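Model the placement of chain Z on the given structure of chain P, informed by the hints.
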Amino acid sequence: MSEHIITANNLRDGRVVYLTRDEGWSNNPDKAWVAATPEEVARLSGMAGLAAAANVVVGAELIPVIKEAGHVRPARNRELIRALGPTVRTDLGNQAV
Amino acid sequence: MYAYDAYDHALVRERVNEFRGQVKRRLSGDLTEEEFRPLRLMNGLYLQLHAYMLRVAIPYGTLSSKQLTTLAHIARVYDKGYGHFTTRQNLQYNWPKLEDAPDILAELAAVEMHAIQTSGNTIRNVTADHFAGAAADEVEDPRPWAELIRQWSTLHPEFSFLPRKFKIAVTASPHDRAAVRFHDIGLILYNDPEKGRGFEVIAGGGMGRTPFVGPTIRKYLQPEHLLSYLEAILRIYNEWGRRDNIYKARIKILVHEFGMDKFRHAVEEEWQRIKDGPLQFAAEEEVRIREHFSPPAFEDVALSSEQDEKAMAENPDFAAWVKANIHPHKARGYAIATISLKPHGGIPGDATADQMETVADLGKLYSFDEIRVTHEQNLVLPHVRKADLFALWTILSHHGLASANAGLLTDIIACPGLDYCSLANARSIPLAQKIAARFDDLKRLHHIGPLKIKISGCINACGHHHAGHIGILGVDKKGEERYQLMLGGSGAEDATIGQITGPGFDEEGIVDAVETVVNTYLHRRSEGEEFLTAYRRLGPGPFKEALYGAR
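Those sequence lines, one after another, are chains P and Z.
Sequential numbering of the first sequence, starting at 263, is according to my numbering.
Sequential numbering of the second sequence, starting at 44, is according to my numbering.
Hint data in this document are derived by calculation from the structure and do not stem from the laboratory.
Computed from a predicted structure; not experimentally measured.
One should not assume that every hint holds.
Claimed, not checked - Not the full set, but computed from the structure, chain P residues with beta-carbon under 8 Å of chain Z:
(1) V350
(2) L354
(3) G355
Unchecked claim - Computed cross-link-like contacts, DSSO-like style, restricted to lysine-lysine with a CA-CA straight-line distance of at most 30 Å:
(4) Z:K109 - Z:K429
(5) Z:K140 - Z:K210
(6) Z:K123 - P:K293
(7) Z:K486 - Z:K429
(8) Z:K291 - Z:K521
(9) Z:K291 - Z:K305
(10) Z:K521 - P:K293
(11) Z:K123 - Z:K67
(12) Z:K477 - Z:K520
(13) Z:K521 - P:K329
(14) Z:K407 - Z:K123
(15) P:K329 - Z:K520
(16) Z:K477 - Z:K587
(17) Z:K353 - Z:K486
(18) P:K293 - Z:K140
To be verified - Some residues of chain Z that are not near chain P, with every Cβ distance over 12 Å (derived):
(19) A152
(20) G241
(21) R278
(22) R286
(23) Q350
(24) P371
(25) H490
(26) H566
We put the CB at the ideal spot given by N, CA and C, even for glycine.
Next up, chain P with everything else stripped away, as it sits in the complex (with noise of 0.2 Å):
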């Protein structure tokens, strides 16, 4: 099975986050936290289900995640351009920050 992680959108702004180890929201990939397995991904989805609950974030979904020179990198297009910000707008996004 392929490696996962939770992403949503805070509720407040609509900044794109992932999930952490620590139970907690980042803009950086990096520090999501990757489930393996598919009892981890489970877990996962719960802890995200609960988060939407706790109206932390919106939209929360599990997405496929490749392991790169020690980065944690979205596999789709579509969620690395959401991960950074508009490719034609560098200065914007989580690319920014």
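Okay, now just chain Z, sitting in the frame of chain P:
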């Protein structure tokens, strides 16, 4: 300009207060996202790839300087210092915070603006010819009719939950600048030699995954029956439009499946029942609304002066701008100036807060306080004295707003695509930038002549690719961005859906393909023949051969 009456003011302010309460309850957890989502969408607040997005309605694309200044202020204070003008004559902010949304709406309400019905399955913001009230070729200013439709359709209780969204466009010119045949309903006001002023009514046009050039449902409609006829169309659509499949829910599918004869019969039957009811409006009502759109106090000024001729001779860049960006005005000595939002390396439709303020100031100084937004993602100063054009151009040049490319190849429409939009499959903006860079030579652009390139990042066709002389559709093929090329489309009075040339291209390949198409046209065109005319004469054959080789 239309000015809100007490009822309009109260309605918009109440809506802001209502939304403020809803946001508060969402943030406190009293409303779940599932409960809140339809409420925020009713107020134009989407959740996109990177953040929330607020879509602000600009009714029939008309703005005052004060309104545009407020849009700039909002961009600066609540967003990231810019806004994006869309192919629906709206403005989108890409980074607002949920907690700021009520304050933004309050700022808009203070200048008679809102985001109501910029989302959802309702009658959306009414669009119109962006040269309305100024164009030399129009029968009359169509905006009073657009305003009447706005008032009728705003919060219309019967049409708040249609099978799908519904878009109406109005023009009063034989040259269609509003793409009326690609709307759910298109209206063309004209003078019939025997019956007098009336509307040709078109129903069932649209783009998206199943494009249709809208057929005419009624060749002539007396203006006083406009609203009852629209209501009859909407009622039949609301009753019979499909709700089982989102991809078949637009009116174009209903008209296609019924056939126009059956659809027209149903509409006419309903219309006969209601046409003499309360929706028929008196001449005084038209006069009342039309007063808001009274022409400015044009001066009787000279057609041109020696000074203008000298300025053009001494400034080739100014002369090129006049050639491409200036259109004939109905008043002697005046011109319509298009401000291109397609600068070299820029993002089609984006304007910074500073640029918006500059245009707002110029609108006040040179255009009777009026600015227009075009569906081609540009701005317009509709009423500029010809004698002021050089001064206007000089100021625009200092603010990066004097691109002399209106209607030319680099005046590209592009949807936000996968750089911003959660529905997109591929990016549009970088493609527009690469094509623009490839053709970054003003002489070459003017040599090529009028050519409309339109790019969409998904099948929903916000970038109007079906109507592009050269249309490009981005798709996702096994995780890779690919681009389909289509040729021969038009959104004008000769509305046509473009034809796909063949297999798609990758990002570099599509830029080469566009150049191949343009070179083929240049090689094969007759003297003075524009791209679309040449394509229609030649057919797709020579272009396909140049693109894919003889097969």
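Least C-beta distance from A152 (chain Z) to chain P larger than 12 Å: Since the minimum Cβ distance to chain P is about 22 Å, A152 (chain Z) lies beyond 12 Å and the statement holds.
Verdict on R286 (chain Z) as a residue remote from chain P, using beta-carbon distances over 12 Å: It holds; R286 (chain Z) is separated from chain P by about 25 Å at its closest Cβ, greater than 12 Å.
Hinted pair K123 (chain Z) and K67 (chain Z), Cα distance within 30 Å: The hint holds at about 24 Å.
Pairwise hint evaluation, K429 (chain Z) against K109 (chain Z), where the allowed Cα distance is 30 Å at most: Given that 30 Å is the threshold and the Cα spacing comes to 24 Å, the pair holds.
30 Å Cα cutoff - pair K291 (chain Z), K305 (chain Z): holds, 18 Å
Pair hint K293 (chain P) and K140 (chain Z), alpha-carbon separation not exceeding 30 Å: holds, 24 Å
Hinted pair K486 (chain Z) and K429 (chain Z), Cα distance within 30 Å: holds, 24 Å
12 Å cut-off, C-beta based - H566 (chain Z) kept clear of every residue in chain P: holds, 33 Å
L354 (chain P) as an interface hint toward chain Z, with CB separation required under 8 Å: Check passed: Cβ of L354 (chain P) comes within 6 Å of chain Z, closer than 8 Å.
Given hint K293 (chain P) paired with K123 (chain Z) - CA-CA distance at most 30 Å: At roughly 26 Å apart (the allowed maximum being 30 Å), K293 (chain P) and K123 (chain Z) satisfy the hint.
Pair hint K329 (chain P) and K520 (chain Z), alpha-carbon separation not exceeding 30 Å: holds, 23 Å
Pair hint outcome, K521 (chain Z) versus K293 (chain P) [Cα-Cα no greater than 30 Å]: holds, 28 Å
Of the numbered hints given earlier, the model fails none.
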